[in-house]
Every structure is written in C-alpha cells, then in structure tokens.
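Quick note, the sequences are listed as chains A and B, same order. Residues 1 to 263 in this note's numbering are what the first sequence lists, from first letter to last. Residues 264 to 512 in this note's numbering are what the second sequence lists, from first letter to last.
Heads up, some of the hints might be wrong.
[Claimed, not checked] Using 30 Å as the maximum straight-line C-alpha spacing, the simulated BS3-like pairs for lysine-lysine come out as follows:
#1 B:K276 / A:K254
#2 B:K343 / A:K254
#3 B:K343 / B:K276
[What the hints assert, rightly or not] Label pairs and their in silico Cβ distance ranges:
#4 B:Q289 / A:E98: 41 to 47 Å
#5 A:T69 / B:Q289: 37 to 43 Å
#6 A:L185 / B:R354: 30 to 36 Å
These are calculated hints, taken from the structure and not from any lab test. Every residue gets a Cβ at the ideal spot worked out from N, C-alpha and C, and that includes glycine.
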Amino acid sequence: MRLAFNAKRNNRLGYLYDLLHELVLRDLKLRYRRSVLGILWTLLNPLAQLLVLNLVFGLVLQLNIPNYTLFLFTGLLAWNWFQSSLYAGTGSIVDNRELIHRPGFPAAILPVVTVASYFIHFLLALPILLVFMLLSGIPISGAFFALPVIFAIQFILSLGLIYLFAAIQVTFRDTQYLLGVLLFLGFYLTPVFYDTAALPPQLQPLYRLNPMATIIESYRSVFIQAELPAGLPLLLWGLVSVALLWFTAHVFQKANYRFVEEL
Amino acid sequence: MEDVIRVEGLSKKFSRYRSDRPWTFQDLFSAAGRRSLKRDEFWALQDVSFSLAAGRMVGIVGRNGAGKSTLLRLVGGVGKADRGRIITQGRIGALIDLGAGFHPDLTGRENVFINGVISGLTRREVAQNFDSIVAFAELEDFIDSPLRIYSMGMHMRLAFSVAVHIQPAILLIDEVLAVGDHTYQIKCLERIVQYKAQGCAILLVSHDTSLVSRLCDEVIWLEAGRMAAHGEATEVVGQYLVEMEAENR
Numbered sequence: 001m002r003l004a005f006n007a008k009r010n011n012r013l014g015y016l017y018d019l020l021h022e023l024v025l026r027d028l029k030l031r032y033r034r035s036v037l038g039i040l041w042t043l044l045n046p047l048a049q050l051l052v053l054n055l056v057f058g059l060v061l062q063l064n065i066p067n068y069t070l071f072l073f074t075g076l077l078a079w080n081w082f083q084s085s086l087y088a089g090t091g092s093i094v095d096n097r098e099l100i101h102r103p104g105f106p107a108a109i110l111p112v113v114t115v116a117s118y119f120i121h122f123l124l125a126l127p128i129l130l131v132f133m134l135l136s137g138i139p140i141s142g143a144f145f146a147l148p149v150i151f152a153i154q155f156i157l158s159l160g161l162i163y164l165f166a167a168i169q170v171t172f173r174d175t176q177y178l179l180g181v182l183l184f185l186g187f188y189l190t191p192v193f194y195d196t197a198a199l200p201p202q203l204q205p206l207y208r209l210n211p212m213a214t215i216i217e218s219y220r221s222v223f224i225q226a227e228l229p230a231g232l233p234l235l236l237w238g239l240v241s242v243a244l245l246w247f248t249a250h251v252f253q254k255a256n257y258r259f260v261e262e263l
Numbered sequence: 264m265e266d267v268i269r270v271e272g273l274s275k276k277f278s279r280y281r282s283d284r285p286w287t288f289q290d291l292f293s294a295a296g297r298r299s300l301k302r303d304e305f306w307a308l309q310d311v312s313f314s315l316a317a318g319r320m321v322g323i324v325g326r327n328g329a330g331k332s333t334l335l336r337l338v339g340g341v342g343k344a345d346r347g348r349i350i351t352q353g354r355i356g357a358l359i360d361l362g363a364g365f366h367p368d369l370t371g372r373e374n375v376f377i378n379g380v381i382s383g384l385t386r387r388e389v390a391q392n393f394d395s396i397v398a399f400a401e402l403e404d405f406i407d408s409p410l411r412i413y414s415m416g417m418h419m420r421l422a423f424s425v426a427v428h429i430q431p432a433i434l435l436i437d438e439v440l441a442v443g444d445h446t447y448q449i450k451c452l453e454r455i456v457q458y459k460a461q462g463c464a465i466l467l468v469s470h471d472t473s474l475v476s477r478l479c480d481e482v483i484w485l486e487a488g489r490m491a492a493h494g495e496a497t498e499v500v501g502q503y504l505v506e507m508e509a510e511n512r
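Just chain A, with the same shape it has in the complex (with noise of 0.2 Å):
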C-alpha cells in the first residue's frame, strides 16, 4: 500500500519534471529559433546596459569601485534575473489560457518554468562574467561551491512573489504594469550599479530589508572578492523566502480554481 503510494508520487514528480523541461525548452527555442545570432541575444541586453553603465560611473561619475566592470555585471545578471522573472512570471497565468483550461494541467508549474527559463538566461552569461574574471585578475576559487546556494535563495525568493502576484494579475488586470513600476524603482534601490559601502551609514540598515541587496553582495563575494559569502544574511533571507513560497504557493493553490472562470 505504501509502496504503490510512493511509486505513483514519484511518477508524478518524474511527469511535472518531463513538464517543466519542455516547457522551458519551447521558450528557449522559440526566443532564439528564427535569429541568427541565436543565443547571442541573451546576451546583448546585459552587455549593452553594462556598456552605458560602466561609461557613466566608471567614466563620467566615478564610482571608484574596484573591478567597477565585473561589479556591474554581476549586478546586472543577477537583477535582470530577477527582474525579468517577475514580470514575465506575473503574466504567466495569464498569458497561457489554453494550458489552464486542459484537464490536468498543474497552473503552478507556469512560474517555476518562467524563472527557470530566465535562470538558464544567467547560467549563458556566466562565461563572459568569467572573462571579465580573468581580465581583473581574481581567482576562481572554492567560494564558488557557494553559488548554487544563492542561486537557489534568488530562485526560492522570485518564485515566493510570483505566486502572489501572478494570482493578483488574474483579477486585476493591471498588476503587471505596476510591478513594472515598481521594479523600475527597485533597480535604483537596490546595489545593482553602485556599492552600498559609499551610502551615509544612516541608509545602511534599510538595505538589510532588501534581499536583493543581500543576494547581490553575496554574488559579488564569491565573483569578486573570491570569498565566501556573509553567512548570516544569507541564510535569514533564505528562511524568509522558503516561509514566502510557502505562503504564496498556498494562496495560489487556493485561488487556483478560480483561474479557469476568469480566463
């Protein structure tokens, strides 16, 4: 009895993973099927905003921060990551009546595939993030067995909001446009471009309030001080962000039922 429990809950999981990979293989061969430059796509945006960036701060208004060009683009890999996921995540539900109206389809598995799609977005750009390594001179070094421990906070932490906002997006329509706003903002107010060390140290305390800021430093630890991260930190807003996606994934199921009359 128990085993025939365990063997079908384990096809369940071996089926929403067969899920999940064709659904983030078709967005993935559908942003890069008819370009040439293929995945070179992907790339283009960050390195663009690193250019125009780095000309500002590194150039114009200068930051003085070491490794300013490697500072930046972490910055910026790690936020668009974030950033893209949310916005993209949030539409998701509604985006894909279709799928939401077949028997059986599981709704909860459409943000996990937005995130997992913009995670992989990441994992294309590390290469270039390693040249810009080896151009300052920093080793790769074992602070690097940290990284699947951050990327999975930021992944745990993006799913928690999605949850909540792609339920919202299904009754108000205009959600998405000010969790575009808002990101907007976010972007300034979290370290993406400049270090929180240079700020008055009366500001210092309201940056432990975002996990972005957290997540971030902790990613220019491992890629530009070749340390490992603050422990502490990190771990706080790894809890918080499980009890989140507990929460929201909760509020989601519920409102899950209603997804399929407002479609």
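Fit chain B to the supplied structure of chain A, relying on the hints for placement.
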C-alpha cells in the same frame, strides 16, 4: 464492471459576465468599480448525477449553453464544483482544445513532444509512441517542418493523433471528431470505438445526434443545467429531437 466516473449531485454556479466588473485596480478605486462588486450568479449545472463504467460511452446532448462543456471540464478536473462531487479513476484524456501548446514556429516533432507532455505523457512515453503518433496523423513527410506551413487539416490531424495516444482510462470528447476529410474522420471514429472496446469510459459532447445515437450506449440530455433525461441512447435522442422540432414549429 467497475464505475470509473461517479458524479453525485453536481452543481456549478457561475457569475454572469458583467462589463462593469472591475478588471483593474484602476476600476476598483473608481466609483464604477465598487458598485459592481455584488455578484450576479446563475447555475450552470444543477444536481447532475450519473455514473459510468469502464468500456461504456455516454453522449451528452442539449442546446447551446445547457452546461455540456462545463460538465465535461468539471469531470476533467478543470474548475471546482459548488455542490456535489466527482470521483474519477485513472488517467483522463481530453479531446478538448486540441493542440494546446502548439506553436507555429516549432517543428511537428517538437510540437508532438510539448503537446504530448502537456496531455499527460512523460517524455519517455512520447518517445515510445512517437512513430505511431506520426503514422496515425499521416504526416511522416512533414514532421520536421515547422507547424506554420501545415494546413488546417494537417494541424488538426497531428493534434488528434497525440490526443488518442495517451491511453486514458477516461476520454472526454467535445465536438472535435470533425477532423480532416471524410476518410480520416472514419479513421478517428474507429479509433474511438477501439478505445471503448479496450475498456475506456468515454464522455462525448456533440450536436451530431445521429453520431451520438450510433456510438453511445446511453445519453444524458441537459436542459439549462439540469438533467432532462438520461437513458438508452436512441430513446433519449428521440425525445430530444421531438422537443427541438416542436419548438421550431
């Protein structure tokens, strides 16, 4: 035979679409939005009960808006009943919205994998059935071409072929048997009959009453969400047709 579908006292309530329902936060915070928050409801299905054994086929007839598709979707687990319950056993296959997830820029092969997995197969199962899916769709020469060059008929054949390869215990069919030309339609119907013979329980929604009385063992006639009749196929279809004609006169 064991029942694979049991529907007991099923009722489903919908809110009527109102153009002044708030669709955005902007609406919600304006006076017009708040006024419409009270809901205007109606019963799409009321007190529907039936059961279906493996290897049996039930047709559902009724005029537009009688609740036929709603019933089918609820049995498929899409949406939630307001009253009553539905118990189903085994994998559910659906010939509803064929080709969900199909994308014109991907090849037939890629689309078969995506659509197959969306329909409930694992990747390995799609791979095992792949040749058979392509053969049934009669698309061997086009399978590696992008879907956008397919004709409407080819498109439908591929979608139908994936759908009939998932070997369900329960098959839900909503008006999608009109696939391809006459010969191909016969081939599709034969496949359905074959499934039934293998012990698949089938729910068929159709306006084609002659098809329904030919294929089905029993028929449910839905009238404004209620069961007007339920019984032997030709008998119920007969009653239904008499009523429809009486109205036309």
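Status of the hints after comparison with the structure:
1. B:K276 / A:K254: 17 Å, holds
2. B:K343 / A:K254: 11 Å, holds
3. B:K343 / B:K276: 10 Å, holds
4. B:Q289 / A:E98: 41 to 47 Å: 27 Å, violated
5. A:T69 / B:Q289: 37 to 43 Å: 42 Å, holds
6. A:L185 / B:R354: 30 to 36 Å: 47 Å, violated
Hints 4, 6, counting from the list given before, are not met by this structure.
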